[in-house]
Every structure is written in C-alpha cells, then in structure tokens.
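S.K.: One-letter residues, chain by chain:
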Amino acid sequence: MDLPLFLQQLLNGISLGSLYALIAIGYTMVYGIIRLINFAHGDILMVSTYFAYFGISVYALPWWLSVIIAILLTALLGILIDLGAYRPVRHAPRISALITAIGVSFLLENLGLVVFGGRPKAFYRPDFLDKTYELGGVHVFSLSIWVPLVTAFLLALVFLLLYRTRVGAAMRAVAKDMEMVQLMGIDVNRVISLAFAVGSALAAAGGIMWAMKYPQINPLMGIIPGLKAFVAAVIGGIGNIHGAVLGGLLLGITEILLVAFLPSLAGYRDAFAFVLLILILLFRPTGLAGKDTIG
Amino acid sequence: MSFFKVEHLTMKFGGLVAVSDFSLTAKEGDLIGLIGPNGAGKTTAFNMITGRLLPTEGKIYFRGKDITGTQSHIINAGGIARTFQNIRLFNDLTVLENAMIGYHGRLRSSFWEAIFRLPRYKSEEKKMRSMARELLAEVQLDNVANEKAGTLAYGQQRKLEIARALATNPRLLLLDEPVAGMNPRETGNMMDFINSIREAYALAIILIEHDMRFVMGLCEHLIVLDHGVTIATGNPAEIQNNPQVIEAYLGEPEGA
Amino acid sequence: MSDRHRREWIYKLCTYGAIVGLFAFFLQVQNQADEYQIRILNVSAIFVTLAVSYNLINGVAGQFSLGPNAFMAVGAYTTALLTLSPAEKELSFIIEPIIWPLSVLHLPFLPSLLIGGAFAALLGFIMAFPVFRVRGDYLAIVTLGFGEVIRVVANNVQSITNGPLGLKGLSEYTNLWWSWGVAVFTVFCVTRLVKSSFGRAMQAIREDEVAAAAMGINVFRHKMLAFVVHAFFAGMAGGLMAHLITTISPTLFSFFLTFNLLVIIVIGGLGSMTGSIIAAIIITYAGEWLRVVEEPMAIGPYNIPGIPGMRMVVFSIMLILVMIFARQGLMGRREFSWEWFCGFLKIGKRRG
Numbered sequence: 000m001d002l003p004l005f006l007q008q009l010l011n012g013i014s015l016g017s018l019y020a021l022i023a024i025g026y027t028m029v030y031g032i033i034r035l036i037n038f039a040h041g042d043i044l045m046v047s048t049y050f051a052y053f054g055i056s057v058y059a060l061p062w063w064l065s066v067i068i069a070i071l072l073t074a075l076l077g078i079l080i081d082l083g084a085y086r087p088v089r090h091a092p093r094i095s096a097l098i099t100a101i102g103v104s105f106l107l108e109n110l111g112l113v114v115f116g117g118r119p120k121a122f123y124r125p126d127f128l129d130k131t132y133e134l135g136g137v138h139v140f141s142l143s144i145w146v147p148l149v150t151a152f153l154l155a156l157v158f159l160l161l162y163r164t165r166v167g168a169a170m171r172a173v174a175k176d177m178e179m180v181q182l183m184g185i186d187v188n189r190v191i192s193l194a195f196a197v198g199s200a201l202a203a204a205g206g207i208m209w210a211m212k213y214p215q216i217n218p219l220m221g222i223i224p225g226l227k228a229f230v231a232a233v234i235g236g237i238g239n240i241h242g243a244v245l246g247g248l249l250l251g252i253t254e255i256l257l258v259a260f261l262p263s264l265a266g267y268r269d270a271f272a273f274v275l276l277i278l279i280l281l282f283r284p285t286g287l288a289g290k291d292t293i294g
Numbered sequence: 000m001s002f003f004k005v006e007h008l009t010m011k012f013g014g015l016v017a018v019s020d021f022s023l024t025a026k027e028g029d030l031i032g033l034i035g036p037n038g039a040g041k042t043t044a045f046n047m048i049t050g051r052l053l054p055t056e057g058k059i060y061f062r063g064k065d066i067t068g069t070q071s072h073i074i075n076a077g078g079i080a081r082t083f084q085n086i087r088l089f090n091d092l093t094v095l096e097n098a099m100i101g102y103h104g105r106l107r108s109s110f111w112e113a114i115f116r117l118p119r120y121k122s123e124e125k126k127m128r129s130m131a132r133e134l135l136a137e138v139q140l141d142n143v144a145n146e147k148a149g150t151l152a153y154g155q156q157r158k159l160e161i162a163r164a165l166a167t168n169p170r171l172l173l174l175d176e177p178v179a180g181m182n183p184r185e186t187g188n189m190m191d192f193i194n195s196i197r198e199a200y201a202l203a204i205i206l207i208e209h210d211m212r213f214v215m216g217l218c219e220h221l222i223v224l225d226h227g228v229t230i231a232t233g234n235p236a237e238i239q240n241n242p243q244v245i246e247a248y249l250g251e252p253e254g255a
Numbered sequence: 000m001s002d003r004h005r006r007e008w009i010y011k012l013c014t015y016g017a018i019v020g021l022f023a024f025f026l027q028v029q030n031q032a033d034e035y036q037i038r039i040l041n042v043s044a045i046f047v048t049l050a051v052s053y054n055l056i057n058g059v060a061g062q063f064s065l066g067p068n069a070f071m072a073v074g075a076y077t078t079a080l081l082t083l084s085p086a087e088k089e090l091s092f093i094i095e096p097i098i099w100p101l102s103v104l105h106l107p108f109l110p111s112l113l114i115g116g117a118f119a120a121l122l123g124f125i126m127a128f129p130v131f132r133v134r135g136d137y138l139a140i141v142t143l144g145f146g147e148v149i150r151v152v153a154n155n156v157q158s159i160t161n162g163p164l165g166l167k168g169l170s171e172y173t174n175l176w177w178s179w180g181v182a183v184f185t186v187f188c189v190t191r192l193v194k195s196s197f198g199r200a201m202q203a204i205r206e207d208e209v210a211a212a213a214m215g216i217n218v219f220r221h222k223m224l225a226f227v228v229h230a231f232f233a234g235m236a237g238g239l240m241a242h243l244i245t246t247i248s249p250t251l252f253s254f255f256l257t258f259n260l261l262v263i264i265v266i267g268g269l270g271s272m273t274g275s276i277i278a279a280i281i282i283t284y285a286g287e288w289l290r291v292v293e294e295p296m297a298i299g300p301y302n303i304p305g306i307p308g309m310r311m312v313v314f315s316i317m318l319i320l321v322m323i324f325a326r327q328g329l330m331g332r333r334e335f336s337w338e339w340f341c342g343f344l345k346i347g348k349r350r351g
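Chains as they are written, first to last, in numbering that gives the first Met the number 0: chain A, 0 to 294; chain B, 0 to 255; chain C, 0 to 351.
Calculated from the structure, these hints are not laboratory results. Note that the coordinates shown come from a computational prediction; the quantities given were computed from them, not determined experimentally. Do not rely on the hints blindly, as some may be mistaken.
As the list claims (entries may be wrong) - Below, simulated BS3-like cross-link-like pairs (lysine-lysine); rule was C-alpha separation at most 30 Å, straight line: (1) LYS58/B - LYS121/B; (2) LYS11/C - LYS126/B; (3) LYS88/C - LYS121/B.
What the hints assert, rightly or not - Derived Cβ-Cβ restraints for the label pairs, each shown as a range: (4) LEU71/A - PRO304/C: 30 to 38 Å; (5) ARG290/C - LEU159/A: 49 to 57 Å; (6) ASP91/B - ILE94/C: 49 to 57 Å; (7) ASP20/B - PHE128/C: 32 to 40 Å.
Where a beta carbon is used, it is the ideal one built from N, C-alpha and C, also for glycine.
Let the hints inform the model, and build the full structure from the sequences given.
M.R.: Pasting the structure below:
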C-alpha cells in the first residue's frame with residue numbers, strides 16, 4: 000500500500016466523516032436536551048435535499064441561494080416536527096416518544112415517495128466542486144476538500160453559538176438539568192426549538208453536500224446517513240457535541256479505510272457501523288468521549 | 000461466624016465519597032437503626048449491601064459467606080430483602096401478584112412446564128398463590144388483593160412493599176424510611192407492624208429513618224452517618240446525648 | 000368453589016369450541032373463497048403470530064426491541080434452505096455454489112419450520128448477551144442494528160443465502176392449516192407464559208427492574224426467556240411467510256417489516272395479546288384495502304394514477320396519532336376473557 004493512495008483514501012474518509020459529524024450533531028443536541036433519539040433526523044436531511052433540488056432545478060434559482068433557502072426551510076421543518084409530534088409526547092414514557100419519532104420517520108419517507116416520486120433525481124453539482132486535482136500522485140476530488148472546510152466553518156458557528164451567546168449557555172444548562180433551568184425562568188421550549196432548528200440546519204448542510212457527492216437524491220436516501228450518524232453520536236458519547244464530531248470522523252475514516260484496504264469486506268460496509276456500535280455499547284456504554292451533556 | 004457483617008465499606012462516585020469506612024455487625028434478630036441527615040450515605044449503604052452498587056472498598060459477609068459484589072437476585076435468594084425509600088412496587092400488577100413475585104425466585108419448574116401447565120408447575124403455582132394470600136391476610140391487605148398496587152393508599156403501599164419483601168423469605172430485612180410521610184397514628188401502627196413481623200419471621204432488621212421518635216422507640220442499636228462517615232454508634236440513650244450527633248442534626252434544617 | 004370450577008370448565012370448552020369453529024370456517028373458506036381471500040387470511044395468521052410474540056418482549060417484558068426482522072430472516076432462510084430439494088438449490092445458486100451440508104439436506108415442511116424457529120431462537124440467545132447490557136432507547140437501536148447486520152450478512156454470504164438474488168421457487172406449503180395452526184399454537188404458548196409466574200416476573204421487570212432484582216428475580220434470564228420465545232415464533236412466522244410468497248431475498252426483511260409489527264402492537268395496546276391479535280388482522284386487511292389507492296385506477300374514461308407510499312403514510316400517521324392521543328391503543332393491557340365476554344353479552348351473572 001503506497002502513501003499517495005493512503006492519503007487519498009484518508010481524505011475521502013475525512014470528507015465522509017465530516018458529513019457524519021454534521022448530521023450527528025443534530026442527534027446529540029436533541030438527545031442531550033430531551034433524551035429523544037430523533038429517528039426522523041435522517042429523513043429531515045432527505046427533505047432538505049428536495050428543498051434545494053426544487054430551488055435549483057425547478058425554480059432555477061442560483062444554487063447558493065437555493066442551498067441557503069433549503070437550510071432555513073429545513074430548520075423550520077425541524078421546529079414544526081418538534082411542535083407537532085414530539086411536544087405532545089414530551090412527558091410520556093421515553094419509549095412512546097421513540098415510537099412517535101419512528102412514525103415521523105416513516106411518514107417523511109413515504110410522503111416523500113408520494114410527493115416526489117420514488118425515482119431518483121439528479122442533483123446539481125457546482126463546477127468548482129467537480130474538479131479533480133493531482134498533487135504528487137494523489138488524486139484529489141475538489142468536493143472532498145470543500146466538505147471538511149465547510150464542516151469546520153459550520154462547527155465554528157455552532158461552538159460560537161453554544162459558548163458565546165446567552166441562548167447557547169441556556170442550551171447547555173438545559174442539557175445539564177432541565178428542571179433546574181425551568182426554575183431559573185428559562186423558556187425550555189424555546190431552547191428545545193432552537194436545538195431542533197440548529198440540528199436540522201446542520202443536517203440540511205450535510206445532506207446537501209451528501210447529495211452533491213453522489214449526485215442524486217431519492218426519498219429513502221436519508222436512512223443510511225441517518226443511522227450511521229446516529230452511531231457516530233453514540234460512539235462519541237451521545238449528548239456530547241465534541242464527541243459527535245470525533246465519532247463522525249472516526250466512523251467515516253475507518254469505514255473508508257476498511258473498504259479500501261480490505262475490499263473483500265466491501266459488501267459489509269453498511270453493517271460495519273452497527274458492529275462498531277454494538278462493540279462500543281458493550282465495552283463503553285457512555286461512548287468514547289463519555290459525559291452526558293452538551294458541550 | 001457472625002450472622003451479618005460489613006467491614007470498611009467505602010463507595011466513591013468519581014471524586015465524591017458517598018460512604019466511607021462503614022462497618023456494622025448484626026446478630027440474628029437484631030433491630031438496628033441507621034440514621035443521619037439527608038445525603039449521609041444511608042441508602043448508598045443499602046444499595047451496596049443488596050448488590051445494586053459495587054463497593055469501591057470493603058467486604059460484606061452474610062451467614063459466613065462473602066457476598067460483596069454479588070448480583071441483587073442472588074443476594075435476595077441468600078436471605079436479604081429490602082424496601083425502597085421511594086416505594087417501588089410493580090404498580091400495574093395486582094397486590095396479590097406483587098406478593099407472588101416474591102416467591103418466583105424459588106420456583107423449581109421450568110418455563111415450558113409453566114406453558115403446558117404440567118403437574119409440578121400447577122402445584123407450585125397453587126402453593127405460591129395460597130402462601131401469598133396468607134401473607135396478605137397477615138398484613139391486612141387481603142381485602143385489596145385484586146386491586147392494582149399503584150392504586151393503593153400510601154400507607155398500604157408501604158405495607159405491601161414490606162409484605163413483598165417478606166415473601167422472599169428473608170433472614171435480614173432492610174427497610175428504607177418505612178414511615179416517611181406518615182402521620183403519628185400511622186407511624187405508631189407501622190411500629191407495631193414491624194415489631195410483629197420481626198417476631199413472627201424471626202428477622203433481623205436494619206432500618207433507615209428520619210423520624211427520631213420512631214427510631215428511638217423501635218431500635219436497640221443505632222448507627223449515625225454524616226457525609227458518609229460513621230460519627231456515632233450505640234443505644235438510643237447514648238446517641239441522644241452524643242454531642243457530635245446533635246451538631247450534625249442541628250446543622251441541618253428541620254424536616255430535611 | 001365447585002361453581003367456579005364448573006364455570007372455568009365451561010370457559011375452557013368455549014375456547015376449544017371457538018378454535019374448532021375457526022378451523023371449520025377455514026374448511027368452508029378453502030372450498031369457496033378465491034385465492035386472494037385465502038392469501039389475506041394466511042397473511043393475517045402470520046402477522047398474528049409475529050405480533051403476539053413481538054408483544055411478549057416489547058409489551059410484557061418492556062424491552063423495546065426493533066429487531067424482529069432479523070429473526071424472521073433467519074427463520075425464513077433456514078426453512079427455505081431445508082425444504083428446497085438439492086436439485087433446486089443447485090439450480091438457483093448460480094454465483095457461488097451452496098456449501099456442503101445445505102446442498103444435500105432436504106426435509107419436509109414441519110421439521111424445516113421448527114428448525115427455522117430453533118435457529119432464530121439460537122440467534123436470540125446469542126444476541127441476548129450484548130443486547131441486554133443496555134436498556135431503553137439504546138436497546139432499541141442495538142436490536143435495530145442487529146436487524147441491519149443480518150440483512151447485510153444475508154446479502155453477502157452467497158454460498159448460503161444466494162446473496163441478493165435470494166431463494167426462488169419455494170413450494171407454496173403455507174396454507175390456512177399451517178398458518179393458523181402456528182398462530183393458535185403461538186397464542187396458546189405466549190398467553191400461557193404471560194399468565195404464569197414467569198410472565199409475572201417479566202411484567203415485574205417491565206414495571207421496575209431494580210425492585211424485581213431485589214425481589215430475587217434473575218432479570219437477565221427472564222429478559223432472555225422473553226426474547227428467545229419471541230425469536231422462536233418470529234422465526235416460524237418467517238418460514239411460513241417464505242412458503243407463502245415462495246420467493247425471499249434480503250430486501251424483504253428490512254426495517255419496514257419491523258415497522259409494520261410496531262404499528263400493530265402499538266395500536267393493539269402494548270402488553271395486550273388480545274389487542275395484538277385484533278390489530279394484526281385489522282392492519283392486514285386495512286393494508287389490502289388501502290392497496291387500492293396505490294394502484295392506478297380507471298374510472299370510466301379517466302385514468303387516476305396510483306399513489307405508491309400512500310398506505311405507509313396512513314399507517315405512520317395512525318402510529319403518531321395513537322401515541323399522542325391514545326397511548327393505550329385498542330386494549331391497553333386488558334385481555335379477552337369469556338367472563339368479560341359473558342358480561343358484555345349480559346348472559347353470565349356477576350358474583351362478588
């Protein structure tokens with residue numbers, strides 16, 4: 000195995016891992032605050048790509064504008080799902096909330112089938128993301144460079160929000176002790192809505208980059224990235240944002256390297272994340288980074 | 000060979016020491032009170048004894064065997080039963096079913112004997128049912144045997160929890176705040192009740208309680224914990240006059 | 000006392016009578032109804048089997064598993080590989096030849112079905128060790144993960160499963176006698192288990208695991224018991240399903256199947272076997288009726304295109320609404336009994 004190939008695969012791994020990380024943050028934020036596995040998170044991602052698709056291909060808006068609108072609409076979708084489906088079961092047993100989330104997930108997938116149709120649609124990829132550079136024998140796809148860069152930028156924004164704003168502080172406080180915070184007069188529902196908005200927006204960013212990567216979309220496309228990002232969140236210690244980023248990168252890199260260097264296992268690629276999940280829960284139930292709070 | 004012996008039990012959660020160097024010896028039939036302000040580590044001690052928590056240090060011996068770190072159900076089968084500070088009944092099961100659970104650990108039939116209702120299972124089930132009914136009659140809960148446990152009045156729930164523990168045929172019973180939230184009349188009844196089961200079942204009892212009158216009236220030996228540390232041991236009279244105990248309690252607001 | 004005895008005896012008779020009546024009905028149906036009707040009745044029976052056994056682990060023992068599709072897959076593949084003749088197997092396995100003992104084994108339907116159930120139960124037994132180290136929503140995700148892993152494995156071990164091509168040309172052994180026979184047997188076993196001391200212990204674990212352990216119940220063993228029994232019957236149901244639709248492939252056993260089961264046990268009431276039976280039949284028929292909206296229709300000169308996905312939209316909305324407004328489902332945790340039935344019809348006299 001030569002070095003250039005290794006570097007190339009490593010970059011692919013980091014790129015894939017960045018996407019997992021972006022999506023995983025949404026899981027971890029919501030779980031950290033209301034202890035709910037938002038099963039529909041991957042499907043929210045799917046809807047976001049259709050928002051972008053409609054903007055670009057149907058309404059012929061500039062692609063960057065479409066992406067921004069799609070991200071905003073997805074944030075709104077996240078808030079609405081919380082209001083309509085999750086808030087009514089907030090004080091029900093946790094399993095009821097999980098069942099509701101599974102219901103929302105199937106609802107989005109099948110509404111997608113009904114509204115958008117089952118056939119995959121080609122997704123626009125801007126020219127500058129469609130180039131391949133060669134640096135000393137390493138073939139680099141421009142999208143693979145941009146994805147981690149955009150991810151880093153968005154992560155910086157998230158951490159600014161969490162550590163430099165009042166509402167971010169409130170979010171971290173709610174994750175630590177919901178009742179305490181209610182007593183202090185913070186509007187918990189607003190904080191939860193914000194978590195859904197931010198998480199969904201990040202999922203949208205991740206999903207749109209995912210769509211540009213392949214470049215096509217379909218109503219069931221959210222399932223696999225959703226499940227894997229969830230695994231990433233658990234690996235990093237669910238509720239822990241640093242952990243989610245770490246877990247996402249770890250999962251993406253190991254997945255790519257495994258497939259690259261043990262091609263005979265390529266067919267098992269989608270099972271790999273779950274095997275890892277099972278092992279992690281067996282030996283370190285709190286994840287690698289541990290600690291059950293946001294931040 | 001002592002009946003029940005706890006040696007240098009210590010429990011640390013991260014940097015926090017919940018219980019430190021806790022020791023206790025009990026003979027068969029003893030009634031020992033464990034008192035101390037909230038957060039003193041009393042329930043933590045119970046949790047270690049019943050296998051819910053693995054002690055950081057120390058040993059627990061029961062009837063000559065080292066039971067430190069053994070699983071809860073095995074400790075129960077060995078003869079230690081408990082109740083919980085915040086009543087933990089099986090709310091959706093009936094009172095009778097709650098009591099019958101206590102016998103399940105000693106069931107000898109296997110599950111397929113149960114599915115096909117083979118003779119051995121049938122006779123065991125019948126025996127469990129009649130024993131549970133007898134037990135409920137003894138504690139005067141037979142009139143609500145078919146009610147859901149969650150619907151009982153508070154005092155009855157406390158009693159049922161003790162009955163359920165008795166069904167497991169313990170030699171040592173751990174009671175975690177048996178009269179919390181009760182009025183003086185109910186407390187008096189509970190005191191009689193504990194005395195009666197203690198005699199009827201030849202039990203050793205260790206109980207945690209905040210109600211001083213209750214503890215002083217019932218227990219022969221007391222252990223006082225404060226911030227995980229044992230600050231005094233002795234009979235009620237000795238404890239009442241111990242300056243350290245008075246200080247520990249005065250430092251804490253009334254009713255905490 | 001003798002009065003109560005007599006009454007119990009009569010109720011027992013009623014139960015047997017009802018079962019005989021059910022099969023007499025099938026005898027009639029088999030001669031008169033069309034193939035489509037019989038097929039739906041078969042599917043109903045398979046879903047009754049699945050839902051009742053799934054409810055044992057999720058509703059009774061309170062361990063929220065999302066992996067019944069894994070057990071169905073194992074049961075279906077095992078049964079199918081045993082009933083296919085060596086010649087048929089040699090023909091289907093075109094990518095990689097089938098491995099040795101499987102290539103020559105050939106058994107009748109019933110033993111194949113039982114072995115299918117047994118293999119699923121074995122998987123349940125092995126899975127129990129990692130799965131029950133976690134609880135609640137983690138358990139849900141881990142079991143979901145196992146379901147996915149099994150599917151991926153089925154896709155890849157081509158010398159056993161024939162990979163993505165699946166197994167085709169299975170004999171259509173499943174008829175009303177088999178499907179409802181297994182369903183009745185499942186209901187018998189599971190309800191008897193639930194009403195026994197073991198069932199009480201499982202419910203105790205559902206209500207309060209810590210208290211159950213403190214009362215001498217081996218929590219792990221009882222969770223495992225519920226899980227393995229669930230796996231066994233889910234495996235049998237998988238075998239029945241395979242020999243009803245005669246073609247199986249890994250995609251058949253996706254999370255989608257689990258979702259359908261979840262809808263059934265939630266709507267029926269988590270913990271109520273009666274509810275699961277009723278909901279399994281209702282949902283099967285509802286699924287068939289709703290099929291109409293998914294298929295293109297011609298009304299006079301107009302062609303109305305079908306809307307694929309509409310059925311699942313309806314089911315997911317139902318699931319969400321039940322969770323928000325009627326968490327107890329149809330039956331809550333209540334069960335059917337003749338006593339209740341007589342009271343309902345105002346025949347039996349109530350005695351204090």
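S.K.: It remains to establish, for every hint, whether it holds in the given structure.
M.R.: Now for the hints, and whether the structure bears them out:
1. LYS58/B - LYS121/B: This hinted pair is violated, its Cα atoms lying about 41 Å apart.
2. LYS11/C - LYS126/B: At roughly 23 Å apart (the allowed maximum being 30 Å), LYS126/B and LYS11/C satisfy the hint.
3. LYS88/C - LYS121/B: 48 Å, violated
4. LEU71/A - PRO304/C: 30 to 38 Å: Because 33 Å falls inside the window, the suggested range holds.
5. ARG290/C - LEU159/A: 49 to 57 Å: 52 Å Cβ-Cβ, so the 49 to 57 Å window holds.
6. ASP91/B - ILE94/C: 49 to 57 Å: 52 Å, holds
7. ASP20/B - PHE128/C: 32 to 40 Å: At roughly 37 Å between Cβ atoms, PHE128/C and ASP20/B fall inside 32 to 40 Å, so the hint holds.
Hint compliance for this structure: hints 1 and 3 are not met, and every other hint is.
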